[in-house]
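Protein chains: 2
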Amino acid sequence: MSLRDDILVESRDMLIKHGFGKVSMRKIAKKVNVSATSIYLHFKNKDDLLLALIESSIEKLSEALNKQLVQDDNPLTKLEKMADNFLSFAIENPQEYEIIYMVRPEEMPKYPTEKFQQIRKIYEMLAEIIREGQTKKLFQVEDPLMSAYTLWAQLHGVASVVISKRLDTRIPSGEFMNQAKDHIIQGFITQKTPA
Amino acid sequence: MSLRDDILVESRDMLIKHGFGKVSMRKIAKKVNVSATSIYLHFKNKDDLLLALIESSIEKLSEALNKQLVQDDNPLTKLEKMADNFLSFAIENPQEYEIIYMVRPEEMPKYPTEKFQQIRKIYEMLAEIIREGQTKKLFQVEDPLMSAYTLWAQLHGVASVVISKRLDTRIPSGEFMNQAKDHIIQGFITQKTPA
DNA sequence: TATATAACTTAACACTGTTAACCATGCGTT
DNA sequence: AACGCATGGTTAACAGTGTTAAGTTATATA
Numbered sequence: 001m002s003l004r005d006d007i008l009v010e011s012r013d014m015l016i017k018h019g020f021g022k023v024s025m026r027k028i029a030k031k032v033n034v035s036a037t038s039i040y041l042h043f044k045n046k047d048d049l050l051l052a053l054i055e056s057s058i059e060k061l062s063e064a065l066n067k068q069l070v071q072d073d074n075p076l077t078k079l080e081k082m083a084d085n086f087l088s089f090a091i092e093n094p095q096e097y098e099i100i101y102m103v104r105p106e107e108m109p110k111y112p113t114e115k116f117q118q119i120r121k122i123y124e125m126l127a128e129i130i131r132e133g134q135t136k137k138l139f140q141v142e143d144p145l146m147s148a149y150t151l152w153a154q155l156h157g158v159a160s161v162v163i164s165k166r167l168d169t170r171i172p173s174g175e176f177m178n179q180a181k182d183h184i185i186q187g188f189i190t191q192k193t194p195a
Numbered sequence: 001m002s003l004r005d006d007i008l009v010e011s012r013d014m015l016i017k018h019g020f021g022k023v024s025m026r027k028i029a030k031k032v033n034v035s036a037t038s039i040y041l042h043f044k045n046k047d048d049l050l051l052a053l054i055e056s057s058i059e060k061l062s063e064a065l066n067k068q069l070v071q072d073d074n075p076l077t078k079l080e081k082m083a084d085n086f087l088s089f090a091i092e093n094p095q096e097y098e099i100i101y102m103v104r105p106e107e108m109p110k111y112p113t114e115k116f117q118q119i120r121k122i123y124e125m126l127a128e129i130i131r132e133g134q135t136k137k138l139f140q141v142e143d144p145l146m147s148a149y150t151l152w153a154q155l156h157g158v159a160s161v162v163i164s165k166r167l168d169t170r171i172p173s174g175e176f177m178n179q180a181k182d183h184i185i186q187g188f189i190t191q192k193t194p195a
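Protein chains in written order, with our numbering: chain A, 1 to 195; chain B, 1 to 195.
Some clues are possibly wrong.
Repeated chains share a single entry, so a pair holds when one copy, or any two copies, can fit it.
[As the list claims (entries may be wrong)] Here are the computed lysine-lysine pairs in the BS3-like style, where the Cα-Cα straight-line distance is at most 30 Å:
1. K27 x K81
2. K27 x K46
3. K46 x K60
4. K181 x K44
5. K121 x K181
6. K46 x K17
7. K165 x K60
8. K44 x K165
9. K17 x K181
10. K44 x K30
11. K22 x K137
12. K30 x K181
13. K121 x K60
14. K17 x K27
15. K181 x K137
16. K17 x K165
17. K27 x K137
18. K46 x K165
Keep in mind the hints are simulated off the structure, nothing from the lab.
Quick caveat, the model's predicted, so the values are computed rather than measured.
Construct all of the structure, not just a fragment, from the sequences and the given hints.
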């Protein structure tokens, strides 16, 4: 295993255990028994390392999304299962979930778009399911891709509220997530708007 | 005006202009012509200062929410207007919006709950509107308070995706936010689920 | 064998938040 | 009037951060 890989697994471990805030170049270096500056031989800078971590976390999320998905589920149950998987991943892997969404906007323009191929694939997959539901007259949407982003954003909001513990203590997070999920899916379903 | 106030306005200014990442104790100190350590005479630490900033931003958001709200609007249009106001505030004041939602979870337990009275009030207000819509048979919800959190979380998700520039470049953010808003509100509306 | 390149090192720069110790001013009490 | 003391400020320092420059060592190629 290369030093680059060592750095990745070790920093990933630190990230998961202690959160990204506690990850420092020097600490990683100490863990892999190397000087801090050596990391710069394998990563342009800390952001670059962070990006690699994001990438692998997105990969993991992407896999988690498709869990228990059956080919011949109808689009609605597919979407529901994916929403479940999404929220489950978020609360079971809060640190990893966070890193995906943690990069601050002022730093975003730096990030090469090709790095986000993986996450784009997820959106396209969602859009495909929505398109399927659209032709089957299950969903009432205009632009499936945009709806995929909408769905994603809403789920993200729910996950982030729970993870960052901003939920009222009176409200049980499990029920909250379930209810929110229903609301979100509901927003897509075909319906006669009441007169 | 007290030094404490000077520190607040100056750091708020820095926050808005350059983002929270660029705000440092020493820079603030320089701006208000005082030594960095003097700040600690008025704030316990940086987090404490941050908290004061959050508080005032929440206040501002709270005011923005009620803009153009008319007493005798029906609950549905009230909710729609508030959703609009929420998203508008977020994109017009990204730095301030961010600071409200930027505090990392591991640091959250430190924060005294009484500081979040203001934001709780917002939730209660939302819940009240939802309750109103519930009795008027406009909305179909179980627990209005939980629904308030659901609504809020979804809006936050949409705002955060746009602010942190994670939206596909093919998708115009204005349309996206509008569509998302419709979806979110849709999830609350009473309806006959299709057979 | 010489040379180039790769992988690593140490030292240093310019920052960061935060604490300890010190100093001046003004106020209340004896 | 003199003492003590709290208030609001100071400088120096600690321990940590990301990052760069320069130096070293080993390996592979010409």
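Results of checking the hints against the structure:
Neither within a single protomer nor between protomers do K27 and K81 lie at most 30 Å apart by alpha-carbon distance, with minima of 39 Å and 49 Å respectively. In this assembly of identical chains, K27 and K46 lie within 30 Å of each other by CA distance both inside one copy and across copies; the values are 12 Å within and 23 Å between. Within a single copy, K46 and K60 get their C-alpha atoms as close as 21 Å, which meets the 30 Å cut-off; across copies the closest is 35 Å, which misses it. With identical chains, the CA atoms of K181 and K44 are never at most 30 Å apart, being 40 Å at best within one copy and 40 Å at best between copies.
In this assembly of identical chains, the alpha carbons of K121 and K181 lie at most 30 Å apart whether taken from the same copy (22 Å) or from different copies (24 Å). Both within a single protomer and between protomers do K46 and K17 lie at most 30 Å apart by alpha-carbon distance, with minima of 18 Å and 24 Å respectively. For the homomeric pair K165 and K60, the shortest alpha-carbon distances inside one copy (23 Å) and between copies (22 Å) are both at most 30 Å. Proximity of K44 to K165 under the C-alpha cut-off of 30 Å is restricted to the inter-copy arrangement: shortest distance 23 Å between copies versus 34 Å within a copy.
Taking the closest pair of Cα atoms, K17 and K181 come within 30 Å of each other only inside a single copy of the chain (28 Å); across copies the shortest separation is 36 Å, beyond that limit. With identical chains, the CA atoms of K44 and K30 are at most 30 Å apart within one copy only, with a shortest distance of 19 Å there and 32 Å across copies. Taking CA atoms no more than 30 Å apart as the test, K22 paired with K137 passes in neither setting, with 49 Å inside one copy and 50 Å between copies. Taking the shortest Cα distances, K30 and K181 never come within 30 Å of each other, neither inside one copy (43 Å) nor across copies (48 Å).
For the homomeric pair K121 and K60, the shortest alpha-carbon distance inside one copy (13 Å) is at most 30 Å, but the shortest distance between copies (38 Å) is not. In the homo-oligomer, the alpha carbons of K17 and K27 lie at most 30 Å apart inside one protomer (13 Å), although the nearest pairing across protomers, at 32 Å, exceeds that limit. In this homomeric assembly, K181 and K137 come within 30 Å of each other (Cα to Cα) both inside a single copy, at 21 Å, and across copies, at 22 Å. Both within a single protomer and between protomers do K17 and K165 lie at most 30 Å apart by alpha-carbon distance, with minima of 18 Å and 28 Å respectively.
Within a single copy, K27 and K137 get their C-alpha atoms no closer than 55 Å, and across copies no closer than 58 Å, so neither meets the 30 Å cut-off. Taking the shortest alpha-carbon separations for K46 and K165, both the intra-copy value of 27 Å and the inter-copy value of 21 Å come in at or below 30 Å.
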